[in-house]
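So the sequence shown is numbered by our numbering: it starts at 2 and just counts up by one.
No lab work stands behind these hints, which were simulated from the structure alone. Honestly, I wouldn't trust all of these hints.
[Said to hold, decoys possible] No more than 25 Å apart at the CA atoms, straight line, and that leaves these computed lysine to any residue pairs for SDA-like:
(1) Lys233 to Glu223
(2) Lys233 to Leu128
(3) Lys233 to Lys322
(4) Lys322 to His283
(5) Lys233 to Ser112
(6) Lys233 to Leu221
(7) Lys233 to Arg266
(8) Lys322 to Asp294
(9) Lys103 to His257
(10) Lys103 to Met17
(11) Lys103 to Ala52
(12) Lys322 to Arg266
(13) Lys233 to Met17
(14) Lys233 to Asp208
(15) Lys233 to Asp5
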Amino acid sequence: MRPDQIPLSRGVFERMTALGLDIAAVLRHAELPRELLMQPRACLTTAQFFALWRAIEAASDDPALGLRLGDGTRAEVYDVVSLAALHSATLGDALHKLARYKRLTCPEDISIELTHAEAAVSMRWMLADGHTPPLLVDAIFASNLALAERGSGRAIRLRRLELTRRPTVSNLLSTHFRCELRFNAAQDRIVYDRADLELPFVTHDEDHLATLMPTLEASLHELSATTSLSDKVWNVLARGMRGSHQRMAQVAAALHLSPRTLQRRLGEAGTSYQQLLDQVRHHLARHLLDATDLDTGEIAFLLGFEELNSFNRAFRQWEGKTPSRRRTATMG
Numbered sequence: 002m003r004p005d006q007i008p009l010s011r012g013v014f015e016r017m018t019a020l021g022l023d024i025a026a027v028l029r030h031a032e033l034p035r036e037l038l039m040q041p042r043a044c045l046t047t048a049q050f051f052a053l054w055r056a057i058e059a060a061s062d063d064p065a066l067g068l069r070l071g072d073g074t075r076a077e078v079y080d081v082v083s084l085a086a087l088h089s090a091t092l093g094d095a096l097h098k099l100a101r102y103k104r105l106t107c108p109e110d111i112s113i114e115l116t117h118a119e120a121a122v123s124m125r126w127m128l129a130d131g132h133t134p135p136l137l138v139d140a141i142f143a144s145n146l147a148l149a150e151r152g153s154g155r156a157i158r159l160r161r162l163e164l165t166r167r168p169t170v171s172n173l174l175s176t177h178f179r180c181e182l183r184f185n186a187a188q189d190r191i192v193y194d195r196a197d198l199e200l201p202f203v204t205h206d207e208d209h210l211a212t213l214m215p216t217l218e219a220s221l222h223e224l225s226a227t228t229s230l231s232d233k234v235w236n237v238l239a240r241g242m243r244g245s246h247q248r249m250a251q252v253a254a255a256l257h258l259s260p261r262t263l264q265r266r267l268g269e270a271g272t273s274y275q276q277l278l279d280q281v282r283h284h285l286a287r288h289l290l291d292a293t294d295l296d297t298g299e300i301a302f303l304l305g306f307e308e309l310n311s312f313n314r315a316f317r318q319w320e321g322k323t324p325s326r327r328r329t330a331t332m333g
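Construct the complete structure from the given sequences, taking the supplied hints into account.
This is how it looks when you write it as structure tokens:
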């Protein structure tokens, strides 16, 4: 797993200031040092990064602030991964590069799920204990769409947004993204029309890609070599929690291992497939109980439990209470 470091460019603070935020006050609220403003490229942990976004939300009465911050990337200088995406030949190539290399710049996992008609892009913060701040989700998806439209040179009609949050009466998101919204989702996903993956990028630059790609591939190889097998299994499991029971053979195949080799190597690392599956289920169960209105039966299904009673028993083992009691206690 890469270090828990998320770089912040000076441009981030400049955009916040341009949108009327008192950066010093935001940093105080997030309990972050003011010296961050003086650093050419500050780094935060995931917990600090989330605290910063919650402080931004608390400091502003503009519900569209996340969208405006994300949309501002249409004109900013990109990091190396986003720059490689922008120089891609097509939208599909760009999304593939973001999914493949994003974790080189921060502990964010991006995955793409393809069907006959759709391309769903989901994001997950791999080292997060709490929930991703909604304002940050808005900014990430606005930035994703901004890059797609800047690269293609045209407006893109999304299929929909899927959001792990409770429904809101605001129409800001539907107005900005011009698509259907689905709340109480299992994952945060921005869904493109699959046909749009073939859209050519007017920003395509093969010479720049020839310079960037060897470095990105070498860095990815180095990261993969230092990522533990347990972390790799965790990531595969977390990506696939969408209503099907993930068997060890499926996870092993995704990691290009045999089930026996996977089982042996996990044992050598002091864990097991079942232990990791329980950890992922517990982590996602808490998130869905706290952030959505999904009933416990729906959550049990998404986590791959065949029966609600099985989910209830597992949750009692994890926390000493039923899922319903946790939700009641959390909501006060």
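Each hint, compared with the structure:
| no. | hint | in the structure |
| --- | --- | --- |
| 1 | Lys233 to Glu223 | 14 Å, holds |
| 2 | Lys233 to Leu128 | 13 Å, holds |
| 3 | Lys233 to Lys322 | 30 Å, violated |
| 4 | Lys322 to His283 | 13 Å, holds |
| 5 | Lys233 to Ser112 | 14 Å, holds |
| 6 | Lys233 to Leu221 | 14 Å, holds |
| 7 | Lys233 to Arg266 | 12 Å, holds |
| 8 | Lys322 to Asp294 | 19 Å, holds |
| 9 | Lys103 to His257 | 22 Å, holds |
| 10 | Lys103 to Met17 | 23 Å, holds |
| 11 | Lys103 to Ala52 | 21 Å, holds |
| 12 | Lys322 to Arg266 | 33 Å, violated |
| 13 | Lys233 to Met17 | 35 Å, violated |
| 14 | Lys233 to Asp208 | 33 Å, violated |
| 15 | Lys233 to Asp5 | 16 Å, holds |
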